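J.: Sequence:
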Amino acid sequence: MEVGIAHYLTLSAILFTLGVFGIFLNRKNVIVILMSIELILLAVNINFVAFSAALGDMVGQVFALFVLTVAAAEAAIGLAILVVFFRNRGSIAVEDVNMMKG
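According to the working numbering, the sequence shown is numbered sequentially starting from 2.
To be clear, the hints were calculated from the coordinates, so they are not data collected in a lab.
Values in this document were obtained by computation on a predicted structure and should not be read as measured data.
Incorrect hints may appear among the rest.
Cβ pair distances, simulated, as ranges [stated by the list, open to error]:
| no. | residue 1 | residue 2 | range |
| --- | --- | --- | --- |
| 1 | V85 | G57 | 40 to 48 Å |
| 2 | T11 | F87 | 34 to 42 Å |
| 3 | S92 | A55 | 41 to 49 Å |
| 4 | D58 | G79 | 27 to 35 Å |
| 5 | R90 | L12 | 36 to 44 Å |
| 6 | M2 | I93 | 40 to 48 Å |
| 7 | V60 | L10 | 17 to 25 Å |
| 8 | I6 | L80 | 31 to 39 Å |
| 9 | A74 | F52 | 20 to 28 Å |
| 10 | E75 | G5 | 29 to 37 Å |
| 11 | A73 | V33 | 14 to 22 Å |
Each residue gets a CB set at the ideal place from its N, CA and C atoms; glycine is no exception.
Hey, can you work out the whole structure from these sequences and the hints?
T.: Below is the structure:
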């Protein structure tokens with residue numbers, strides 16, 4: 002049995018669906034929301050690499066590296082903001098974050 006593009010696309014669709022469900026089903030914990038966004042970005046990267054390999058073009062793989070870089074920076078900045086918010090408020094619940102709106 003050969004692993005083809007359909008297998009990668011199925012895996013990507015499953016990861017994307019898990020990420021979307023994680024965002025919509027758990028709206029109380031900011032860390033779970035950030036992890037769900039990372040799952041969605043991972044699914045997009047799998048799509049880029051799968052289509053890049055199937056078409057014999059390196060552009061998708063290079064773009065996937067850029068997306069990984071941005072995702073790592075987003076995770077680092079998001080967690081740093083959460084640490085500062087937790088130190089100030091004592092909680093990282095989404096309801097507390099919504100109260101910060103002016």
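J.: Does each hint hold? Answer for all of them.
T.: Hints, one by one, checked against the model:
no. : hint                   : verdict
1   : V85 to G57: 40 to 48 Å : holds, 46 Å
2   : T11 to F87: 34 to 42 Å : holds, 38 Å
3   : S92 to A55: 41 to 49 Å : holds, 46 Å
4   : D58 to G79: 27 to 35 Å : holds, 32 Å
5   : R90 to L12: 36 to 44 Å : holds, 38 Å
6   : M2 to I93: 40 to 48 Å  : holds, 45 Å
7   : V60 to L10: 17 to 25 Å : holds, 18 Å
8   : I6 to L80: 31 to 39 Å  : holds, 34 Å
9   : A74 to F52: 20 to 28 Å : holds, 24 Å
10  : E75 to G5: 29 to 37 Å  : holds, 31 Å
11  : A73 to V33: 14 to 22 Å : holds, 19 Å
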